Amino acid sequence: MTGRTVFIAVVSFLLTAMLHTEVSACRECGCNKKYNGYCINQRWGWYGARKSVSSVEEARRDLTDYYADSDLKIGRIIEKSSYFEAELLDRNQKKADTVIINKRSGRIRSIQ
2 MTGRTVFIAV VSFLLTAMLH TEVSACRECG CNKKYNGYCI NQRWGWYGAR KSVSSVEEAR
62 RDLTDYYADS DLKIGRIIEK SSYFEAELLD RNQKKADTVI INKRSGRIRS IQ
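Residue numbers (the working numbering): 2 to 113.
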């Protein structure tokens, strides 16, 4: 019984250390927001995590949250069959970029 307990404790410690290392590395390098982040992120989770978006309001909320740390604002959002297309505006209300947010996965990417 003692050997099993020690084994479980060591494995738990190693998993915790690995997870902490990934989070620390992410903070150091920063997340790549243009491609929906490549690291653990409080807002979006690990890259590739599914987060469905079913309405224009949800798309606006998610995009606003995602670009909260930038000077960009969300402009017009158009619903397409499998994604939402949104304009990103700079502080002068000029179009800075066009992004899409996938309805099934929630992934955001630039199309401009």
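Don't take each hint at face value.
Quick list of simulated restraints, FRET-style, between CB atoms [claimed, not checked]:
1. Ala10 / Ile112: 48 to 58 angstroms
2. Ser111 / Thr3: 23 to 33 angstroms
3. Lys74 / Arg110: 15 to 25 angstroms
Derived SDA-like pairs (lysine to any residue); straight-line CA-CA distance at most 20 angstroms [claimed, not checked]:
4. Lys96 / Ser55
5. Lys104 / Asp72
6. Lys95 / Ile78
7. Lys96 / Ser111
8. Lys96 / Gly76
9. Lys74 / Arg51
10. Lys96 / Ser53
11. Lys96 / Arg51
12. Lys52 / Asp72
13. Lys95 / Thr65
14. Lys104 / Glu59
15. Lys104 / Asp91
16. Lys81 / Asn103
17. Lys96 / Ile79
18. Lys95 / Arg51
19. Lys96 / Arg110
20. Lys96 / Ser82
21. Lys74 / Ile101
22. Lys95 / Ser55
23. Lys52 / Lys95
24. Lys74 / Thr17
25. Lys95 / Ile75
26. Lys81 / Ser55
27. Lys81 / Ser111
28. Lys52 / Asp91
29. Lys104 / Ser53
30. Lys81 / Gln94
31. Lys52 / Lys96
32. Lys52 / Ile78
33. Lys74 / Arg105
34. Lys74 / Leu16
35. Lys52 / Ser82
Because the hints were derived from the structure by calculation, they are not lab data. This structure is a prediction, so every number in the text was calculated from the model and none was measured. Built from N, CA and C at the ideal position, the CB exists for glycine as well.
Hint by hint, here is what the structure shows:
Range check, Ala10 to Ile112: about 49 angstroms between beta-carbon atoms, so the 48 to 58 angstroms window is met. Here the CB-CB span from Ser111 to Thr3 is close to 56 angstroms, at odds with the stated 23 to 33 angstroms. Checked against the hint of 15 to 25 angstroms, the pair Lys74 and Arg110 passes, with Cβ atoms roughly 19 angstroms apart. Restraint check: the Cα-Cα separation between Lys96 and Ser55 comes to about 25 angstroms, which exceeds 20 angstroms; the hinted pair is violated.
Between Lys104 and Asp72 the alpha-carbon distance is near 25 angstroms, which puts this suggested pair outside the 20 angstroms criterion. With a C-alpha separation of about 15 angstroms, the suggested pairing of Lys95 with Ile78 holds against the 20 angstroms cut-off. Restraint check for Lys96 and Ser111: the C-alpha separation of about 13 angstroms stays at or below 20 angstroms, so the hint holds. Between Lys96 and Gly76 the alpha-carbon distance is near 8 angstroms, which keeps this suggested pair within the 20 angstroms criterion.
Annotation: proposed proximity of Lys74 to Arg51 is violated, straight-line Cα distance about 24 angstroms (limit 20 angstroms). This hinted pair does not check out: Lys96 and Ser53 have alpha carbons roughly 26 angstroms apart, beyond 20 angstroms. Between Lys96 and Arg51, the direct Cα distance comes to roughly 28 angstroms. Violation of the 20 angstroms bound is thereby established for this hinted pair. A distance of roughly 24 angstroms separates the Cα atoms of Lys52 and Asp72; the hinted pair therefore is violated under the 20 angstroms criterion.
Restraint check: the Cα-Cα separation between Lys95 and Thr65 comes to about 17 angstroms, which is no more than 20 angstroms; the hinted pair holds. Using a Cα cut-off of 20 angstroms, the hinted pair Lys104 and Glu59 holds, with the two alpha carbons roughly 10 angstroms apart. A C-alpha spacing of about 25 angstroms is found between Lys104 and Asp91, which places the hinted pair above 20 angstroms, so the restraint is violated. Distance check on the hinted pair: Lys81 and Asn103 sit about 10 angstroms apart at the alpha-carbon level, within 20 angstroms; holds.
At most 20 angstroms may separate the alpha-carbon atoms for a hinted pair to count; Lys96 and Ile79 meet this at roughly 15 angstroms. Our distance criterion of 20 angstroms between C-alpha atoms is broken by Lys95 and Arg51, whose separation comes to about 31 angstroms. With a C-alpha separation of about 16 angstroms, the suggested pair Lys96 and Arg110 falls inside the 20 angstroms cut-off, and the hint holds. For the given pair, Lys96 sits about 23 angstroms from Ser82 by alpha-carbon distance, which is inconsistent with the 20 angstroms threshold.
A distance of roughly 14 angstroms separates the Cα atoms of Lys74 and Ile101; the hinted pair therefore holds under the 20 angstroms criterion. For the given pair, Lys95 sits about 27 angstroms from Ser55 by alpha-carbon distance, which is inconsistent with the 20 angstroms threshold. For the hint pairing Lys52 with Lys95, the CA-to-CA distance comes to about 29 angstroms; that exceeds 20 angstroms, so the pair is violated. The suggested pairing of Lys74 with Thr17 is violated, with an alpha-carbon distance near 37 angstroms, which exceeds 20 angstroms.
As the CA atoms of Lys95 and Ile75 are separated by approximately 11 angstroms, the hinted pair is consistent with the 20 angstroms bound. Annotation: proposed proximity of Lys81 to Ser55 holds, straight-line Cα distance about 11 angstroms (limit 20 angstroms). Restraint check for Lys81 and Ser111: the C-alpha separation of about 15 angstroms stays at or below 20 angstroms, so the hint holds. The suggested pairing of Lys52 with Asp91 is violated, with an alpha-carbon distance near 26 angstroms, which exceeds 20 angstroms.
A hinted pair counts as satisfied when its Cα atoms are at most 20 angstroms apart, and Lys104 with Ser53 qualifies at roughly 5 angstroms. Proximity of Lys81 to Gln94 is assessed by CA-CA distance (about 24 angstroms); at most 20 angstroms being required, the pair is judged violated. Note on Lys52 and Lys96: the hinted pairing is violated, with a Cα-Cα distance of about 26 angstroms set against a maximum of 20 angstroms. Pair hint Lys52 plus Ile78 holds up; C-alpha atoms about 18 angstroms apart against a cutoff of 20 angstroms.
As the CA atoms of Lys74 and Arg105 are separated by approximately 23 angstroms, the hinted pair breaks the 20 angstroms bound. Between Lys74 and Leu16 the alpha-carbon distance is near 39 angstroms, which puts this suggested pair outside the 20 angstroms criterion. A threshold of 20 angstroms between alpha carbons decides the hint, and for Lys52 with Ser82 the separation of about 17 angstroms falls inside it, so the pair holds.
When held up to the earlier numbered hints, the structure conflicts with 2, 4, 5, 9, 10, 11, 12, 15, 18, 20, 22, 23, 24, 28, 30, 31, 33, 34 and fits the remainder.
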